[in-house]
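Residue numbers (the numbering used here), protein chains in the order written: chain A, 2 to 133; chain B, 2 to 133; chain C, 2 to 133; chain D, 2 to 133; chain E, 2 to 133; chain F, 2 to 133.
FYI, nobody ran anything at the bench for these hints, they're computed from the structure.
Check the hints yourself; a few may be wrong.
Same chains, same label: a pair holds when it works inside one copy or across any pair of copies.
[As the list claims (entries may be wrong)] Here are the simulated DSBU-like cross-link-like pairs (lysine-lysine), alpha carbons at most 30 Å apart as the crow flies:
#1 K62 with K83
#2 K133 with K62
#3 K133 with K83
#4 K83 with K35
Because the structure is a prediction, the values reported are computed rather than measured.
Here's the letter readout for the chains.
Protein chains: 6
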Amino acid sequence: MSNEKEPSERYVRGRARLGELDELQPGRVAESLKDAAPDLARYAMEFPYGDIYSRPGLDLKQREIAAVAMLSAMGGAEPQLKFHISAAMNVGLSREEVTEVVMQTVVYAGFPRALNAMNMLIEVLAERDGEK
Amino acid sequence: MSNEKEPSERYVRGRARLGELDELQPGRVAESLKDAAPDLARYAMEFPYGDIYSRPGLDLKQREIAAVAMLSAMGGAEPQLKFHISAAMNVGLSREEVTEVVMQTVVYAGFPRALNAMNMLIEVLAERDGEK
Amino acid sequence: MSNEKEPSERYVRGRARLGELDELQPGRVAESLKDAAPDLARYAMEFPYGDIYSRPGLDLKQREIAAVAMLSAMGGAEPQLKFHISAAMNVGLSREEVTEVVMQTVVYAGFPRALNAMNMLIEVLAERDGEK
Amino acid sequence: MSNEKEPSERYVRGRARLGELDELQPGRVAESLKDAAPDLARYAMEFPYGDIYSRPGLDLKQREIAAVAMLSAMGGAEPQLKFHISAAMNVGLSREEVTEVVMQTVVYAGFPRALNAMNMLIEVLAERDGEK
Amino acid sequence: MSNEKEPSERYVRGRARLGELDELQPGRVAESLKDAAPDLARYAMEFPYGDIYSRPGLDLKQREIAAVAMLSAMGGAEPQLKFHISAAMNVGLSREEVTEVVMQTVVYAGFPRALNAMNMLIEVLAERDGEK
Amino acid sequence: MSNEKEPSERYVRGRARLGELDELQPGRVAESLKDAAPDLARYAMEFPYGDIYSRPGLDLKQREIAAVAMLSAMGGAEPQLKFHISAAMNVGLSREEVTEVVMQTVVYAGFPRALNAMNMLIEVLAERDGEK
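From just these sequences and the hints, can you work out the full model?
This is the structure we're talking about:
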């Protein structure tokens, strides 16, 4: 299963879709898993981005509202939350919109989850401002 | 704290805001908690709806995408999830859009959370179709 | 391991301690697990009640505040939460005190966990009032 | 995406793999989601069973130990847990082995998750004994 | 909503209440969120401390037992847990009492949550001893 | 309770059982908790290893599949997950088998939990390779 020579159509579509969120991310995912679990990197392209994010019905801004909302409320997913906070802004949500999604976490998951998610947002904003 | 005669400005604003999601819901919340914890009913109007949902920055459709996303991913919040699936459609999200948000849960929280949230969606759709 | 003839000292101590919370509970636990997993019933007496609840340092009222707090915040533990809400009152916490612990859940775990825990409290109160 | 005429190779492989766990389950999954989200039923065949469960490296008994372990510890996944408790026995794990996995939950996720999972096991055993 | 000139009565009451837990904390909360989300800092004063912690029915020692219990059991709330372990001692709970609450976590949420919470306690104790 | 002179039979059995997973671990557990909560170290030997892991019905390889599965799916238990990933290999599971268990997490708990668990695996492999 892991030695398919040719990338699947789903992989190609997923890599492109993830690249719309952040053009460097497909490379980072592949690199980080290349020794231990290259197939997990492949699945991470094919299923979330090649299947789910490629569906019609929601645009990327709506999908990123949902992603930031889920990751903020779940907790324990800090690297993924930071990525999607940044991706949300890359696809056109304003800082204010992303901040409001994170703030809404307090209603459904309480203050600790909301405060921790807000700290991730603060880190992302500092990194983005530093890059300019 | 619990015997303020006059409803606060935040309460009035929250009740109105929640009424935009579902006009019967403010009455249901107050009724269900009136004996055991009337103050919790008051807080549930004042804070989530009078404070958070009354903020600018996101419209109600965006807030309901976030609410359905959080509740689907967290699990263990079935009554609240059913309410917000229904509210999401009341404020103008299409069935397809709400279904897509629920389906996206599979990426961030796995198949069981997604399947259970989809079953809540199916129940809501059946109730709404039955009411017509 | 499961066919020790004589109950251990920890078991005897735990059964007595759990009996202080609710005199019928040791029998219920043993009965419900007697076919599938009698050892789990034994562990449930020995470890939580024979070891932890038998420690000095906190009285039973303090331990039940902690138990109700943890179970309310975790979610997905409704039967256990109902038992400890009732046990909390059996060991001398007032309805108001237990209600306040449940209400505090909203701060740390959000409105859905708090509302669901409050509904468990309402069920317990109805059952207790019905028994009189 | 949802109107592919021909089932994918992954779907066919997944349906067969899931059928090894329980021959009626592929039909149940498709049926329950056929109106609201037929694509989720398709993904539930393709990804977990066509991709992950079709990988070499673990046999089905090992995979079902992992599945029962994860679902017991997570909580809030009762229908899925019941299915995998049953599937675990279908692929050759003994009642004792499945019971031990569930009991081990107490170490990592505490007594409430373990007791609730054990109750699911008891329900499954009753259903299986009733069917004979 | 965010540019109210005068702090609300709830804010003033909450700041004072939080100051009873730790006199430096109101300043820290406001400082950490002043750029990204000053309103979240305001809500964090008004709702948990101005509303909930200002209610009668439980004293601060009981409320801190509940807070430490919830945060230990939930996991993923380490900064908040450290604060409330320290606050619990500030309002008069002994080291032994706080340690017992954390230890009780093992019953309801398993060994990993309890061990991680105990490590937070150890860090807090080291910091407090270092400050003397 | 905490000043029993003689280690219990369960403690001795547990220490030996944990030593089969990693001969240095019993000492590490005792050391890390010796000041704040020595009894928790004792319980951590007696209950998980002296009671549960000493039961018949599953061998250590099966128990470690379950442990890695639970800890990967729960999240927020990184130190414990790293230990059990390593222990799993110590008792004879191959790298490939442990990797497959971690990868299966994606089905039940989603990509973030699976990716974070895989990063723990990558850290463990790097440490083990570095020790050679």
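Next on the checklist: One pair to classify: K83 and K35, alpha carbons no more than 30 Å apart. Within, between, both, or neither?
Outcome noted: Both: 22 Å inside a chain and 20 Å across chains, each within 30 Å.
Checklist entry - Taking 30 Å as the upper bound on the Cα-Cα distance, should K133 and K83 be classified as within, between, both, or neither? => result within (18 Å within a copy, 35 Å between copies)
Item to check | Status of K83 relative to K62 across identical chains (alpha carbons, at most 30 Å) | outcome: both (16 Å within a copy, 24 Å between copies)
Checklist entry - Is it within, between, both, or neither for K133 and K62, if the alpha carbons may be no more than 30 Å apart? => result within (23 Å within a copy, 33 Å between copies)
In this structure, every one of the numbered hints holds.
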